[in-house]
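Asks: In case you want the letters, here they are:
Number of protein chains: 2
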Amino acid sequence: MTTTQEPSATQPMPDFHAGDFLTDRVAQVGSATCVGLDPVVERLPPSLAPAAGCEARVAADAIERFSVGVIEAVSADAAAVKIQAACFERFGADGYAAMGRVVSAARGAGLAVVLDFKRGDIGISAEHYAASARFAGAHWTTVSAYLGSDGMLPFLDAGCGAFALVRTSNPSGDALQSLRLADGRTVAEAVADLVSRLGARSIGRSGFSTLGAVVGATKRDEIASLRARLPHAVFLVPGYGAQGGTADDVRACFTSGGRGALITASRSVIYPAQEAGRPWQASIRDAARRFADEIRSIAAR
Amino acid sequence: MTTTQEPSATQPMPDFHAGDFLTDRVAQVGSATCVGLDPVVERLPPSLAPAAGCEARVAADAIERFSVGVIEAVSADAAAVKIQAACFERFGADGYAAMGRVVSAARGAGLAVVLDFKRGDIGISAEHYAASARFAGAHWTTVSAYLGSDGMLPFLDAGCGAFALVRTSNPSGDALQSLRLADGRTVAEAVADLVSRLGARSIGRSGFSTLGAVVGATKRDEIASLRARLPHAVFLVPGYGAQGGTADDVRACFTSGGRGALITASRSVIYPAQEAGRPWQASIRDAARRFADEIRSIAAR
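In the order they appear, the protein sequences are chains A and B.
The first sequence begins at 1 in the working numbering and counts up by one.
The second sequence begins at 302 in the working numbering and counts up by one.
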């Protein structure tokens, strides 16, 4: 197995290709799963839960310890973790600092790291955000496509993978994303075409670009069209399981050979049903393994 | 002059209304201007510039000191400051902590504070981002509209003003925002209609909602249509001056009586031409005053 060079937070990384790196990592672990780290203090294991109304510093420390524990538990079975920046930023600078350490822990465990921060700015500001993701050590980010190439290319130019929001899994995304254009496409399809065009400049030896696409598993009628429009984009796929996406929906997200998709689950893995007396990390490990087995069987068919 | 109660970072603020607060502040200072704080180390006054290649902590400290200096210089002439989160986040947790102190300094100087962080997430994650803005002390934020109501309403529910990205000032925004729908509207107009509908729930005594709109001054042919579609939205208007927006373009952003728009300028105010021997803050104060006078004369016509 050839693996691409890892990016460094402080040095240029000319040989790092986010698409190739992720494809290699999926092949290495034998599973296209991504565990979503969306930690909230209200749902922590009792042994980690801070007192109600604690200071931000205490809360940030608690979600950091939980996140590091989840990373240890899932690193053998998941290809990647998706770190929800909002969960950390709500605790201000303490949370932001904790987020950086969680990214480091995930890298240290060999996981591909998606920083799910959904930034959407242009030009120099987009460059700053790409630098912040590089600084933290993330391999991939999530970005808005609404501002066009000015909001996406700075990430690619900085050597950072970026999943553009093409079709989100939430119900109210339809209000804009499902609108029909005069040329017959939906808005989401137009975004897909834009992402495909921009991503063509950075396709690696794996056949995948450093510009990927967020495509919700709940949008079953649209996945095939989006997959056809984006043959070189890795799909980051939320919405499986808890949100209603099925195995068939997920299967359509992969390219031939079960490649090109990263299926994410958050709550079903990081907050599993607890058996009395069993360590919380063991329950999470089991849930991550079940999730990987499920997705493996879907992708292989 | 009745002023609304200021929000607190740690307590509920039932009497704070971001639209009324901003409208009052504009009336109080007699100018609808917003100074964009986009600090980069390469452009700091020589007395503040850190050594090339310095650590993130040192760079963050330098842009913080500059930002606080700008706030002191512009607080008599600007209604608001718009703090570009990307400039701070590129320096990691040190930058994020500095950003919080800059928000505090701006509040302390009596300015309305727009945290320009362009987040775009849904549900609980959007709630987290709203909490992070509240935690920092911002009165207003900027948010993506691409995810629909799930991405915007949590901000309003948290008592935070939010400018939704409707029509951005950058050229590549046209790739999506200018597309024509089957019903004749552009994508940007469809977003405007969505923002108008969602914002109707939170219109204050000023006649303005806590859901505003980012509308670039460079999009002159579209401003009148967007203003008509968004009668209760404050427009946050980038692109005046350096980016090519003219006085006529800006005038169309206001409602009758010169209300409902906040015109932003960044580089032309915070990096003015320096006269030898003159303190850098004096030059910035002059630039902020010229900018306020220009916008005052435009809005009054």
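Simulated from the structure, these hints should not be mistaken for lab results.
One or more of the hints may lead you astray.
Claimed, not checked - Label-pair distances were calculated between CB atoms; the ranges are:
1. A/D174 <-> B/D475: 19 to 27 Å
2. B/E343 <-> A/A224: 57 to 65 Å
3. B/A352 <-> A/A51: 42 to 50 Å
4. B/G409 <-> A/G123: 27 to 35 Å
Please read all numbers here as calculations on a predicted model, not as lab measurements.
A virtual CB, placed ideally from N, CA and C, is assigned to each residue, including glycine.
Asks: Would you mind marking each hint as holding or not holding in the structure?
Replies: Hints and how they fare:
In this structure the supplied range 19 to 27 Å holds for A/D174 paired with B/D475, their Cβ-Cβ distance being about 24 Å. Taking 57 to 65 Å as the suggested C-beta distance range, the pair B/E343 and A/A224 does not conform, at roughly 47 Å. As the Cβ distance of B/A352 to A/A51 is approximately 44 Å, the hint placing it in 42 to 50 Å holds. B/G409 and A/G123 have their C-beta atoms about 30 Å apart, which keeps the hinted 27 to 35 Å range intact.
Of the numbered hints stated above, the single one contradicted by the structure is hint 2.
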